[in-house]
Amino acid sequence: MANFHYDTDMLVDGLVNSGELDAFLADAGRYALMCSENRRIEDTFASTHVSAATKAVLIETLVVPFFGPTFAALMKRFQVNGDLQSFTHIIERIRASARSRLGVCFADVASSVPLTESELTKIENHLAKLCGHRVYVGNIVDHELIGGFMITIEGKMIDLSVRGDLLKMKILLLEENR
Amino acid sequence: MFHFEPGVVVWTLVSFGIAFVVIQRYVYPPVRNIMRNRRETIAATIAETETRLAEAEQRAAELEVRMRQIRQEEERVLLEARERARILYAEQERKALDEIRELRKSREADLRKLEEGFYEKTQREFTQLVLHTCERVLRTGIDPEMQRRIIEERILELERIQNL
Chain A
1 MANFHYDTDM
11 LVDGLVNSGE
21 LDAFLADAGR
31 YALMCSENRR
41 IEDTFASTHV
51 SAATKAVLIE
61 TLVVPFFGPT
71 FAALMKRFQV
81 NGDLQSFTHI
91 IERIRASARS
101 RLGVCFADVA
111 SSVPLTESEL
121 TKIENHLAKL
131 CGHRVYVGNI
141 VDHELIGGFM
151 ITIEGKMIDL
161 SVRGDLLKMK
171 ILLLEENR
Chain B
1 MFHFEPGVVV
11 WTLVSFGIAF
21 VVIQRYVYPP
31 VRNIMRNRRE
41 TIAATIAETE
51 TRLAEAEQRA
61 AELEVRMRQI
71 RQEEERVLLE
81 ARERARILYA
91 EQERKALDEI
101 RELRKSREAD
111 LRKLEEGFYE
121 KTQREFTQLV
131 LHTCERVLRT
141 GIDPEMQRRI
151 IEERILELER
161 IQNL
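Chains A and B, in that order, give the protein sequences. Note that this note's numbering gives residue 166 to position 166 of the first sequence, counting from 1, and the numbers run on in steps of one. Note that this note's numbering gives residue 14 to position 14 of the second sequence, counting from 1, and the numbers run on in steps of one.
Hints listed in this document are in silico derivations from the structure and should not be mistaken for laboratory results. Being a predicted model, the structure only gives us computed values, none of them experimental. One or more of the hints may lead you astray.
Unchecked claim - A few chain A residues that face chain B, going by a derived Cβ cut-off under 10 Å, partial list only:
#1 16
#2 113
#3 119
#4 126
#5 127
#6 131
#7 134
#8 146
#9 148
#10 153
#11 154
#12 161
#13 162
#14 169
#15 173
In this text, a Cβ means the ideal position worked out from N, Cα and C, and glycines have one as well.
Chain A with its partners taken away, still in its complex shape:
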């Protein structure tokens, strides 16, 4: 259903022309971060047992005050169309449109604790150097990582987490003992 409701190319063009693309993508990243820290938000929006009115109230209280107007408007549109459960999919399509039209990259950084703006900027700058393009970085929290962070960029993964270290240690131990 979501595929037919949204012209993501047009949305990206509109955001670029209005100069709101960065803010919109940052909001999308922050929303993903919020959802990763509290899974119940996503579950509530995806649930068919929660009424549309309740979802509308939740958007008004959880999204509108804390996110930019464009992102909030899009979320409202998702709610009206019943596409809240397709948020991740639609955001991926928006990212794909931005990637193809603007030649930018997207990176998801999963970290054990939310990253600060300065940390994200450092990561973003270095990833931009590695890719040769501008990189939009989204942060989500994954407590399973224990410490550090793990970056997924253009289908590749850079694991700099403590869990990754433990996994490497495990592999080394098992290989050495073999």
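Assemble chain B onto chain A, guided by the hints.
Positioned in the frame of chain A, the structure of chain B alone reads:
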């Protein structure tokens, strides 16, 4: 006293002559026939006996030869049987030894596999235990300040990466 009496002599001679003639004519021929027959019978019996003896001797010789052949045959059969038994025994022994060797090899391989599996499993479990312990210690032992420091270190690590 001895008296020569010619009458007695004559009559003695006459009676003797008569007796002689009677014996010569009526008694002697059947006796002679009987004697001849008897002699012939004895000769025939002797000849037959000699023939039978010769036959018996020949049969005995044949039997001796036959016995010798039988003994030789018996010895040959026994030797062959012993040799066959020896070969069969050796073959069975070799087969049994081969089977035992194969079985032992198979059991040794099984044991080795079991041993390796045991060591591998123990190592894996020990590694899991160590890692689990590390994870638990790290989860409870990392405070927010340490988290920030780890993130800073990892950002520096990221900056050392030169290509994706």
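Going through the hints against the structure:
1. 16: violated, 26 Å
2. 113: holds, 5 Å
3. 119: holds, 6 Å
4. 126: holds, 5 Å
5. 127: holds, 8 Å
6. 131: holds, 7 Å
7. 134: Result: violated, 15 Å to nearest chain B Cβ.
8. 146: This interface hint holds because 5 Å falls under the 10 Å limit.
9. 148: holds, 4 Å
10. 153: Constraint on residue 153 of chain A satisfied, holds at 7 Å.
11. 154: Because about 7 Å separates residue 154 of chain A from the closest Cβ in chain B, which is inside the 10 Å limit, the hint holds.
12. 161: Holds, because the Cβ-Cβ distance from residue 161 of chain A to chain B comes to roughly 8 Å (cut-off 10 Å).
13. 162: OK, holds: residue 162 of chain A within 10 Å of chain B, min 6 Å.
14. 169: holds, 7 Å
15. 173: Status holds, d = 5 Å.
Of the numbered hints given earlier, the model fails hints 1 and 7; all others are met.
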